[in-house]
Amino acid sequence: MSAPVWQRRRAAAADVWRQFRTNRGALFGAAFIALLVLFSLIAPLLIDRDGLEVVTAAGGSLEPPSGEYWLGTDESGRSVMLLTLWGARVSLLVGFAATLLSVVVGTLVGVVSAHFGGWISAVLMRITDFFLVLPALVLAAVLMAVLPKSMWTVIMAIGVTSWPTTARLVRAQTLSVESRPYIERSKALGGGHTHVIGKHVLPSVLPLVFANTTLVVGGSIIAESTLAFLGMSGPEISWGSMLDRANQSGAVTAGAWWYLLPPGIAIVLVVLSFTLVGRGLETVLNPRLKGER
Amino acid sequence: MTPLLELQDLGVTYRTADGDLEAVRGVDLTLQPGETLGVAGESGSGKSTVAASVLRLLPKSAKVTGNVLLDGQDVGAMRWGTLRAARWSEASVVFQGAMHALNPVQRVGKQIAEPIRLHTAASEAEIDSRVRELLDQVDLPAAKARAYPHELSGGQKQRVMIAMALACDPRLVIADEPTTALDVIVQAQVLDLLGRLVEQRGIGLVFITHDLSVLASTCSRIAVMYRGRIVESGDAKEVITAPRHEHTAALAAAFPEVGDAGSRYAPATARPLPDEGERDPQQPVLLSARDLRVHFRDRTGSTVAAVNGVELDVRRDEIVALVGQSGSGKTTLARTLLGLQRPTSGAVYYDGEPLPVSTSGLRDYRRRVQLVLQDPSSALNPRHTVYESVAEGPRIHRLDGDERDLVVSALEAAELRPAEQYLTRLPHELSGGQRQRVVIAGALALNPSVLVADEPVASLDASVRGEILGLLLRLRRQLGVAGLVITHDLGLAWNIADRVAVMYRGELVEVGAVEQVLLEPRHDYTKALLAALPSAGRDDARYAG
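Those sequence lines, one after another, are chains A and B.
For the first sequence, the positions run 1 to 293 when UniProt numbering is used.
For the second sequence, the positions run 1 to 545 when UniProt numbering is used.
No lab work stands behind these hints, which were simulated from the structure alone.
Heads up, a few of these hints could be off.
To be verified - Stretch-level coverage of chain B by chain A, calculated; a stretch enters the list once three of its residues show a Cβ under 8 Å from a Cβ in chain A:
#: 1; region: 366–380
#: 2; region: 392–403
#: 3; region: 436–449
By construction, the Cβ of each residue, glycine as well, lies at the ideal position given by its N, Cα and C atoms.
Using the sequences and the accompanying hints, generate a full structural model.
See below:
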């Protein structure tokens, strides 16, 4: 029996892809992200780790771009190009992991609060409000001070502060689905909470959550860069920490533009790509945003 | 004399993504001043498109052929300025769905005054007195001009819509389903008002509806539309009592006359009904309510008794019709009987046992008593195939037996044959009647003893109505499934029910056999309901049963 279901889902996915394809910006973003993810996965095979270690780096301090070092070197003689390429790994990992955390928590809170209503909703929504008004940077700074300095703490800090928006979105969508008569029919058939949520609510809420997820990834990458730039990150090489070191080593006053621009442009490109993809998906999945054609 | 409105060979084609759609073809109509023309037809027959073409209110994708002459002038050839002047001062429209056609944030007085401001140079004082005059014409107190739409009842809003339509003294009024969302009593008032206006002011009225019995009491002539064409037109009485086209006959039969012996236990269905077997009058009581009360708290904090001390029995092998107007508490009572709403006090019994409160107890109970909702298009999850929708119940209850067999036999029982053909369809690929059958099949898959149906045919077309009612009657006769049918339609009760319970303001004011309650009503409210029914001009047949 599941054959027609899968057929239909495949057809629906193909339809989304067909509409998505007409949006050039979104297509560019998707292609860029795909390339970057692929590269990040195989980077350890392509890049010689020695060039990334301060002790083994071969170049001179803050050398301008040359034939050997296309984007120059940093204050310890490492190739800025290698650092930027390697930094994509941490930025993407933090971006995806923090998003996963925030989306899972946000969806859970949103669905539970809308489905059960009453005091459960009241309590959950007040907690959501609390996190919504909490200054994200301050909370992250406190967490970094209390917990061990590592990438995972950064992920936690970002995830914990970014789920409330997802929760609000999911709650609104769930409320609108739950007001449909087929939910009442399902209850009258004897369906319990898990049945109603699993069979009816989640399948219609998840597409929108997915589009939202892509937007959250971009935000998380910016948050990671901000925290790293402020010195609140682990020892891993990321774009934010590169900018932090460039700032501290006096690259700005030395006019070493090749040290500042590559990580900065990389952040802009990645976040822009995720935003383009997210907006593109949102337009396809949420017909209300389409407007006149 | 120049006719007020003349349609000559009118055709309207909509350009859609799936090719051209001919909504109206070769329609010829004429209307003289002081005359009322009824246009009847089902959804999709093109009747609203005809109405919109008179004032060129059609969307851009519509292509119009033929002529629309308003007072001898071709509307299609009018310049924009002339057309704008013609809208409302020559001809005006009473739109369907008064609740949506009024602006919720403006006082109704201001909305009635809007066309006057647009079309005349009247002073504020003149406008004020004109609004008061208009409200008086539609039997509303002048003070209501300061009310917002949400402060008015459905009937009052509809009257405001009529006042708006009359604001610029139009000679032609087009009323598009003006009473569809209204109760019978309010409907009678609105129809009476429109009839008086035609008589007193000599305006022409085009009355569009799907309910032939409404037209019979208001119109002198009727045109019946079917698939974009006029299939029959003529004198109102003749069309209804002696329809020539089969579609007209189907429309007329769909709204039976209460008291007409021919339509008792005989809904308009094409399939033969099984014969009534031996009926044991002392069947056991399956579902009963004892002193049931459900109270709600409204926005101001005061308590509202939606269900107020209801005593009701539903026996095996009988259909009980629960009749009342909107807001009388019918739906709340049904939800409470199903255990979807907790009663404030009193109790519901099934088979002599009080309704369980535990989750698993309620789940078992739901195998016995099932629900059929009003609007089948929203009662099915649009993402689920027919198979999944019907299998949902058996899956929840982990019923024994092959799931596919269960689904197929439930679909067959709901008369969707051959069932295999429907399994993989999605709701949007089905017609309204087929969807309602899927909902009923989903309930039957659990093999229930009682079906609670909340307005099961209110959102269906007239021709489908009889088929669904026939199905409910067949289910009772063949399987002994008891039914509690909630409706505002007394004709439905006459068609299939054994007993009627009349609900008024949360209380059952009269309960008894159909013949007794509908032919010899005792309570004033039942009498008012019956008096408000539009009579189809078959008075001689009345009370003959």
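To see whether the hints hold, each was checked on the structure:
1. 366–380: holds (count 10)
2. 392–403: n = 5 at 8 Å, threshold three: holds.
3. 436–449: Our answer is that it holds, as 4 residues pass the Cβ test (under 8 Å) against chain A, meeting three.
Checked against the numbered hints above, the structure violates none of them.
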